[in-house]
Structure formats: structure tokens, C-alpha cells
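Visitor: Below, each chain spelled out in residue letters.
Number of protein chains: 2
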Amino acid sequence: MTQRVRVHCFNVSQDGIGAGEEQSLQHPFGLADPRELWAWAGATASWVNRTEPGGTWGLDDYITRDMTRKIGAEIMGRNKFGPFRGPWPNYEWQGWWGGEPPFHTPVFVLTHHVRPSLTLSDTTFHFLDTTPHEALKQAKAAADGRDVRIGGGVTTIREFLDADLIDEMHVAVAPVELGDGLRLWESPDELTDRYHLERVPSPSGVVHHFFWRR
Amino acid sequence: MTQRVRVHCFNVSQDGIGAGEEQSLQHPFGLADPRELWAWAGATASWVNRTEPGGTWGLDDYITRDMTRKIGAEIMGRNKFGPFRGPWPNYEWQGWWGGEPPFHTPVFVLTHHVRPSLTLSDTTFHFLDTTPHEALKQAKAAADGRDVRIGGGVTTIREFLDADLIDEMHVAVAPVELGDGLRLWESPDELTDRYHLERVPSPSGVVHHFFWRR
Numbered sequence: 022m023t024q025r026v027r028v029h030c031f032n033v034s035q036d037g038i039g040a041g042e043e044q045s046l047q048h049p050f051g052l053a054d055p056r057e058l059w060a061w062a063g064a065t066a067s068w069v070n071r072t073e074p075g076g077t078w079g080l081d082d083y084i085t086r087d088m089t090r091k092i093g094a095e096i097m098g099r100n101k102f103g104p105f106r107g108p109w110p111n112y113e114w115q116g117w118w119g120g121e122p123p124f125h126t127p128v129f130v131l132t133h134h135v136r137p138s139l140t141l142s143d144t145t146f147h148f149l150d151t152t153p154h155e156a157l158k159q160a161k162a163a164a165d166g167r168d169v170r171i172g173g174g175v176t177t178i179r180e181f182l183d184a185d186l187i188d189e190m191h192v193a194v195a196p197v198e199l200g201d202g203l204r205l206w207e208s209p210d211e212l213t214d215r216y217h218l219e220r221v222p223s224p225s226g227v228v229h230h231f232f233w234r235r
Numbered sequence: 022m023t024q025r026v027r028v029h030c031f032n033v034s035q036d037g038i039g040a041g042e043e044q045s046l047q048h049p050f051g052l053a054d055p056r057e058l059w060a061w062a063g064a065t066a067s068w069v070n071r072t073e074p075g076g077t078w079g080l081d082d083y084i085t086r087d088m089t090r091k092i093g094a095e096i097m098g099r100n101k102f103g104p105f106r107g108p109w110p111n112y113e114w115q116g117w118w119g120g121e122p123p124f125h126t127p128v129f130v131l132t133h134h135v136r137p138s139l140t141l142s143d144t145t146f147h148f149l150d151t152t153p154h155e156a157l158k159q160a161k162a163a164a165d166g167r168d169v170r171i172g173g174g175v176t177t178i179r180e181f182l183d184a185d186l187i188d189e190m191h192v193a194v195a196p197v198e199l200g201d202g203l204r205l206w207e208s209p210d211e212l213t214d215r216y217h218l219e220r221v222p223s224p225s226g227v228v229h230h231f232f233w234r235r
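Sequence order for the protein chains is A and B.
Start counting at 1 in the first sequence, then tack on 21, and there's your number in this note's numbering.
Start counting at 1 in the second sequence, then tack on 21, and there's your number in this note's numbering.
Bear in mind the hints are in silico, worked out from the structure with no lab data behind them.
One or more hints might be untrue.
Which copy is meant is left open, so a pair is good if it fits within one copy or across any two.
Derived pair list, reagent style DMTMM-like, types lysine to aspartate or glutamate, alpha-carbon separation capped at 25 Å [stated by the list, open to error]:
id	residue 1	residue 2
1	LYS91	ASP185
2	LYS91	ASP143
3	LYS158	GLU219
4	LYS161	GLU121
When you get a sec, could you build the whole thing from the sequences and use the hints?
Guide: Here it is, written out as C-alpha cells:
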């Protein structure tokens with residue numbers, strides 16, 4: 022099986038915004054209410070961060086249950102790992118996820134400010150100051166034949182799209198307008214020269230956008 | 022994790038028919054053209070019987086790629102296993118699937134005419150003359166903590182629905198009318214007293230019906 026490079030369960034507003042401005046420790050998604058973007062995923066039975074029984078088993082759950090299938094590594098931007106910019110004052114920050122991060126694979130964090138690798142349970146974070154191509158090479162080797170997830174945020178996904186390194190992408194478009202923030206696209210149709218695009222409205226209110234290479 | 026009892030990728034016509042009358046060796050689906058019911062699944066990249074590269078990676082593929090996830094055993098009716106009725110003249114018939122059946126788990130075949138178990142590659146068929154409850158008990162034990170798929174045909178799914186043993190069910194309704202044959206339902210709404218139901222139209226033309234227990 023070919024190793025694929027996949028984006029899954031990435032969420033944007035109707036105007037294409039995936040996170041607000043002014044990310045901080047209190048506001049991981051900046052000045053945008055992440056509940057408006059993520060509610061559909063949190064309602065499903067299979068959502069990785071679900072802590073209580075219950076949840077839906079319909080269309081949206083097919084999407085969330087697929088997020089970890091055959092994934093052997095993730096690549097993320099520094100701003101998904103934490104709210105800090107510039108050199109690390111120390112290494113106390115260990116990500117948003119506590120002692121049991123939901124990745125369970127090697128995770129490669131792209132940053133101009135590298136630091137030693139960090140292992141929390143069965144997830145190890147590696148910090149790389151390199152190009153998307155080179156990061157992907159390392160992630161593919163670490164994934165041991167499985168696929169690589171490009172985990173976001175917006176800037177990282179844009180870099181990998183611009184370098185034409187993504188094979189398959191799922192983006193849920195939520196029924197809200199945010200106006201300001203980090204923008205994934207002006208319109209998903211920008212990508213249809215390179216990708217097939219299926220738009221599937223969900224009963225939950227989001228519209229799932231499935232892209233795969235032409 | 023609770024063991025669940027699931028129906029996946031079962032296909033019916035708009036009038037609820039899953040197979041035609043007069044099943045035979047030449048016509049596994051009886052006097053109905055199975056291509057009309059199955060085309061959506063065969064077009065996907067992840068379809069279990071796909072033999073050539075290619076295929077779609079959109080909504081329909083999310084459904085087909087989920088078919089084998091966490092499945093530890095299947096229960097099927099005798100008519101899914103073969104076109105013969107009554108006592109077995111001999112044991113030459115080994116199912117429709119050749120030497121590499123696509124199940125890769127124990128399969129329990131419900132029949133009034135039992136025969137010795139049959140192993141083909143990593144699939145073993147066991148033949149049981151028993152109730153849905155008892156068959157499920159055996160399949161759950163064999164599934165070793167994983168889920169049990171109720172694989173069809175129509176009669177078997179109806180028996181398990183009537184015994185209230187199914188937790189989750191996906192049925193694709195194809196845009197054809199068949200008129201005669203084995204009928205799963207007059208209308209999917211018959212089940213909404215016991216199940217949530219989401220209807221999701223696919224770009225391929227089928228309407229996916231997702232049921233899960235209330």
C-alpha cells in the first residue's frame with residue numbers, strides 16, 4: 022500500500038477561517054469560539070477526546086472514527102503545539118493535551134525554535150526547523166508504512182498544500198462566519214484544479230468537504 | 022469497549038428490495054441486477070473486492086473503508102453463502118469467494134442443514150442451526166472483544182432486527198425500483214421507534230441510511 026498524506030477533521034468557518042487572531046494560553050483558537058467549529062466532532066461517539074459514553078453514530082461519526090485509521094505519524098505547526106512565539110524560555114510547556122496526548126504516534130512539530138524531543142505516554146514530539154518536504158520525509162520514515170496526518174493549523178496546511186504534498190483532505194465547514202483570523206481559503210473551489218471535491222451536508226449543520234487528488 | 026452488532030454496506034432498492042427472486046449459481050442476487058445496487062461501493066478506493074488501483078476517496082469511501090473496522094466475526098444466512106436449498110448433496114461448494122474470502126474472521130452461516138466447518142485462508146465458516154440469539158452468543162465469543170457484522174441477506178437481517186439484536190446499521194438505498202424480491206422494509210421509517218435515522222444523499226446517487234439505537 023502506498024503511504025498517503027492526509028488532512029482529517031480540520032474545521033473552518035463559512036468564510037474559510039480555521040482559528041482567530043491573538044492565540045493565547047486561554048484561547049488556543051484565538052479570538053474565535055472553537056465550539057462553533059468543533060461541535061459536530063465533539064458530539065460523535067468516536068471523537069478522540071470524548072470522555073463520557075454516548076454520542077452519535079451517523080455520518081459525522083464515520084468521519085471522526087476515520088481520523089486515526091492507518092495513521093503512523095503527524096506533522097503539526099508550532100501554534101498547534103502551544104501558544105508561545107519565539108525562543109523557548111524553558112521546556113516546561115508540554116502541549117495542550119496533558120500526559121496522554123491523543124496522537125499515539127510520533128508527532129513532528131515544525132518550528133524555527135527547536136528543542137529536545139518529548140515523550141508523553143505513547144506520543145513522542147520531535148521539533149524540526151525544516152521544509153515541508155524534509156519534514157514529510159522524516160514523518161514517512163517514522164510512520165513505518167502507515168499514513169501521515171497533516172494536523173494543522175491553517176498555516177501548516179497551507180504550506181503543505183502549496184508544496185502539493187497532500188493526497189487527501191477532509192475539511193468540515195461550520196455554519197458560522199468569523200470575519201477575521203487565519204484563513205485556509207477564500208473558496209474551496211481554489212483547489213479543484215488539483216483535487217476532486219465532494220461537498221456533503223451533514224444533519225449536524227456542517228458541510229463536509231472531501232478532497233482527493235485528480 | 023462494548024461489543025457492538027453492526028450491519029454495513031447493505032444495499033436495497035428504493036422499494037426496499039435487497040435481492041431478486043430465483044437466486045441461482047448464475048444469479049447470486051436472483052432476478053435483480055446487483056450492479057444497480059452495488060455500483061456505488063465498487064467505485065470506491067477501499068472496496069474489499071477491488072482488484073485494480075484507483076477509485077474514489079469521498080463520502081462513499083468513508084463507508085466502505087469502515088466495513089471491516091473492528092469486526093471480529095460475521096453472521097450470514099445460508100443464501101449469502103450459496104444458492105443451494107435443502108440438504109447438501111456433498112461439500113464441494115465452498116462459497117462464492119474463491120480461496121481468499123474477504124472476511125478474514127470466523128463466519129457463522131445460519132442453516133437448517135449443518136456441515137463441517139470450512140477454512141479458506143484466514144476465514145473459517147461454521148454452520149449453525151440455531152436462533153439469532155444463540156448464533157450471536159457464539160459469534161461474540163469468537164470475535165474476541167471486537168464487533169460482530171450481520172452480513173445478510175435480507176432474511177437474516179430481518180431476523181436480527183425482529184429479535185432486536187442490532188446496534189448499528191448502514192443501508193445504502195439505490196436509485197432504482199425492483200418491484201419483486203426479498204424486501205428489507207416497506208419504509209425505513211418503520212425502524213425509527215427504536216433507532217435514530219440519518220439519511221445522507223451521496224454524490225454517487227445512493228442515499229446512505231445510518232441507524233443507531235435510541
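Visitor: Decide, hint by hint, whether the structure agrees.
Guide: Against the structure, the hints come out as follows:
Taking identical chains as interchangeable, the C-alpha atoms of LYS91 and ASP185 lie at most 25 Å apart only when both belong to the same chain, with a minimum of 21 Å there against 33 Å between chains. Within a single copy, LYS91 and ASP143 get their C-alpha atoms as close as 16 Å, and across copies as close as 21 Å, so both meet the 25 Å cut-off. In this homomeric assembly, LYS158 and GLU219 never come within 25 Å of each other (Cα to Cα): the closest approach is 29 Å inside a single copy and 41 Å across copies. In this assembly of identical chains, the alpha carbons of LYS161 and GLU121 lie at most 25 Å apart only when taken from the same copy (23 Å versus 31 Å across copies).
Of the numbered hints given earlier, the model fails hint 3 alone.
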